[in-house]
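Asker: Top line first, the protein sequences correspond to chains A and B. For the first sequence, position 246 (counting from the first letter as 1) is numbered 246 according to this note's numbering, and the numbering increases by one without interruption. For the second sequence, position 3 (counting from the first letter as 1) is numbered 3 according to this note's numbering, and the numbering increases by one without interruption.
Rather than coming from a laboratory, the hints here were simulated on the basis of the structure. Computed from a prediction, not measured in an experiment: that's the story for all the values here. We put the beta carbon where it would ideally sit given N, CA and C, even for glycine. Some hints here could point you the wrong way.
Listed next, the stretches of chain B that the computed footprint assigns to chain A, with coverage defined by at least 3 CB atoms under 8 angstroms from CB atoms of chain A [unchecked claim]:
| id | segment |
| --- | --- |
| 1 | 100-110 |
| 2 | 115-121 |
| 3 | 176-186 |
| 4 | 196-205 |
Pulled from the structure, derived: some chain A residues nowhere near chain B, Cβ distances all over 12 angstroms [to be verified]:
| id | residue |
| --- | --- |
| 5 | Asp49 |
| 6 | Thr128 |
| 7 | Leu176 |
| 8 | Asn195 |
| 9 | Thr288 |
| 10 | Ala418 |
If we take Cβ atoms under 7 angstroms as the criterion, some of the chain A residues that face chain B in the derived model are [to be verified]:
| id | residue |
| --- | --- |
| 11 | Pro22 |
| 12 | Arg25 |
| 13 | Ser34 |
| 14 | Gly37 |
| 15 | Trp39 |
| 16 | Pro41 |
| 17 | Ala46 |
| 18 | Asp200 |
| 19 | Gly301 |
| 20 | Val302 |
| 21 | Gln317 |
| 22 | Thr318 |
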Amino acid sequence: MVDAPTAGSEENAADAFLQGGPSLRNASGPYFGSYGGRWMPESLIAALDEVQDTFEKAKADPDFIAQLKDLNKNYSGRPSLLTEAKRFSEHAGGARIFLKREDLNHTGSHKINNVLGQALLAKRMGKTRVIAETGAGQHGVASATAAALLGLECVVYMGAEDCRRQALNVARMQLLGATVVPVTNGSQTLKDAINDALRDWVSNVEHTHYLLGTAAGAHPFPAMVRYFHEVIGAEARSQILEQTGKLPDAIAACIGGGSNAIGLFHAFLDDASVKIYGFEAGGEGVETGRHAAAISLGRPGVLHGARSYLMQDEDGQTIESHSISAGLDYPSVGPEHSYLADIGRVTYEAVTDTEAMDAFSLLCRTEGIIPAIESSHALAGAIKIGKRLTEGKENPSDVTVIVNLSGRGDKDVETAAAWFNMLDEEGHVKGTTLSTRKPKGPTERTSEAAVDVNEDQN
Amino acid sequence: MTEEFASKSAAAIDRAKAEGRAALVGYLPAGYPTVQESIEAGIALARNGADLIEIGIPYSDPVMDGPVIQAATTEAISNGFRVANVFDVVAGITAATDAAVLVMTYWNPVMRMGVDEFARRLAEAGGAGLITPDLVPDEAHEWFEASDRYGLDRVFLVAPSSTPERLDMTVKASRGFVYAVSIMGVTGTRTSVSSSAEDVVARAHAAGAERVCVGLGVSNPDHVREIAAYADGVIVGTALVAALRDGGVDAVGQLTKNLSAGLGRAAAEA
């Protein structure tokens with residue numbers, strides 16, 4: 001039996017950190033303060049042990065590290081750029097905003113970092129099949145990609161509601177050879193996709209690895225997924241030093257389960273001068289109850305194998321989350337974030353759908369970059385903290401902020417077009433016959449007449 | 001297994017053993033289709049041959065359950081089931097029958113109420129203990145304390161995938177009986193019982209478990225007969241929930257009667 005960590009231990013950790021105490025980096029799990037652990041069926045414990053054991057050995061194996069580095073460089077296209085967003089910065093109080101361009105990775109988001117690592121582990125374990133859950137479809141696409149690359153069978157569970165919101169990604173996964181299973185249980189979103197993936201895993205664990213897509217779930221997933229994403233922060237830290245000669249004043253990322261965020265944060269956790277911000281999905285506004293702000297408004301509970309902040313009712317039933325962003329539509333959060341919130345090292349705030357979509361539009365028009373709606377939450381947050389940190393400053397451009405641009409927004413074009421009122425009643429882009437609706441299943445080959453889009457829609 | 005005080009589940013299994021047969025454990029969800037009907041169905045289970053009754057708490061994210069139980073528990077929640085209703089169901093069944101009544105629950109609803117408070121109210125309602133599908137002994141420190149304080153059984157699961165070390169640890173942590181998962185999978189009816197079940201039971205017995213019951217995929221008298229030959233109890237869930245769904249309380253009684261025919265009363269003659 002493991003001793004129960006007490007609430008006091010978290011205060012001590014905060015004190016220790018403020019006094020330049022032990023490092024917050026490389027927390028190995030299973031516990032992060034009183035969070036994390038393994039709240040899982042016994043049937044899966046042996047599999048979790050196998051993953052953990054394989055991961056620990058791989059980390060210490062120069063061949064594995066070399067293999068991963070090679071894939072990151074020659075397949076994903078790492079290092080990803082750190083781009084200064086000069087015109088966008090004008091809207092953030094004049095602070096210099098730098099974008100960590102995870103959107104430029106192969107498959108279009110940070111998700112590839114984790115899937116390549118885990119797919120290599122699956123091969124090491126002799127598994128022939130990987131399963132994954134996906135919300136926005138980015139992790140599903142990344143998983144299908146890694147599976148194709150390494151010759152693994154791939155099944156992706158995706159909420160039926162998300163299949164509708166992200167039809168283009170469903171088609172991408174199918175093109176890559178994966179089977180997409182629409183999940184019709186519960187809220188038909190990410191949490192229900194995870195439930196079905198877990199049911200699959202427990203039934204097929206002998207030859208199947210569950211390629212969990214975020215830094216949540218049972219040990220060793222939170223620490224392992226973070227490990228594969230640490231490259232984001234490591235690169236960003238040396239890039240900002242090279243470009244500005246100093247550490248940033250603040251860094252920011254969006255939080256669903258929190259994998260892109262923990263990947264960026266990790267390198268900076270011990271840099272006490274760097275303020276760290278996580279932006280949760282505030283949906284229609286936290287006061288409406290329709291949001292996905294687990295840390296801001298949840299309370300600790302267990303879901304999907306970890307104790308963490310959780311949106312739950314008085315009975316401990318999970319409350320359905322809401323966000324315009326399918327990738328952030330998750331009612332809990334990775335356990336390390338809960339710990340970092342409690343000790344005060346990271347500040348978590350909610351950003352509404354409207355704020356995120358305003359930032360989405362702003363980045364499109366000021367930088368020529370279409371961001372994922374998930375990442376737009378971090379952009380909206382950066383505008384707020386940029387204004388806050390430059391307030392009363394003579395030289396606002398002394399303030400530097402790194403934002404993790406975790407994914408590109410191509411998948412979100414339909415949602416954005418609807419949000420910005422660019423579609424007519426039939427779902428066609430106004431003034432054209434061009435439909436943004438993408439087919440869900442394998443499509444019949446039709447020779448659709450090419451459509452000329454002569455007008456700019458705005 | 002620790003037996004500092006009389007375990008209601010152990011006593012129920014031992015009564016069956018004294019009759020030369022395995023015990024029958026029947027599962028039904030609380031509040032399905034309503035709280036009152038779930039009490040009536042539980043009583044029908046007991047009156048038609050179930051020695052132990054497992055009352056499930058409907059939960060939003062039941063990862064160990066297949067479609068039939070998921071559909072029933074989802075309906076219970078949408079019919080207004082509240083977690084505290086489970087104590088009414090337990091009290092209603094224990095007042096009317098001699099069966100040992102356990103609650104099967106995912107852990108978050110217990111955590112939310114407070115482990116101690118939940119245990120106190122369960123004991124007050126006459127409950128025997130808890131079966132915890134997503135709580136392994138490694139995370140159960142609070143539950144150890146509360147179950148000792150209120151004299152409740154703690155039924156942990158062992159699986160075909162459990163290592164010898166984990167099996168040993170889980171058997172020692174359990175009280176009442178050990179729940180052996182017959183197959184790597186979730187709840188649901190299957191055409192045959194996996195041969196891995198017998199192996200898990202043998203390993204649990206060898207690790208010192210006095211009472212081992214087998215669940216997952218058990219749905220007809222043939223399955224019951226097969227498992228009763230080597231296990232101390234047989235757990236049936238999905239088939240009973242489907243009977244309740246399709247034929248109401250009477251169908252539950254009828255199926256229980258059929259299932260109990262496989263328990264080994266007749267096997268003694270063979």
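Asker: Look at each hint and say if it fits the structure.
Answerer: Right, here's what the structure says about each hint:
no.	hint	in the structure
1	100-110	holds (count 4)
2	115-121	violated (count 0)
3	176-186	holds (count 4)
4	196-205	violated (count 0)
5	Asp49	violated, 8 angstroms
6	Thr128	holds, 16 angstroms
7	Leu176	holds, 27 angstroms
8	Asn195	violated, 5 angstroms
9	Thr288	holds, 20 angstroms
10	Ala418	holds, 29 angstroms
11	Pro22	violated, 25 angstroms
12	Arg25	violated, 26 angstroms
13	Ser34	violated, 11 angstroms
14	Gly37	holds, 5 angstroms
15	Trp39	holds, 6 angstroms
16	Pro41	holds, 5 angstroms
17	Ala46	holds, 4 angstroms
18	Asp200	violated, 9 angstroms
19	Gly301	holds, 5 angstroms
20	Val302	holds, 5 angstroms
21	Gln317	holds, 4 angstroms
22	Thr318	holds, 4 angstroms
Violated hints for the displayed structure, listed by number in ascending order: 2, 4, 5, 8, 11, 12, 13 and 18.
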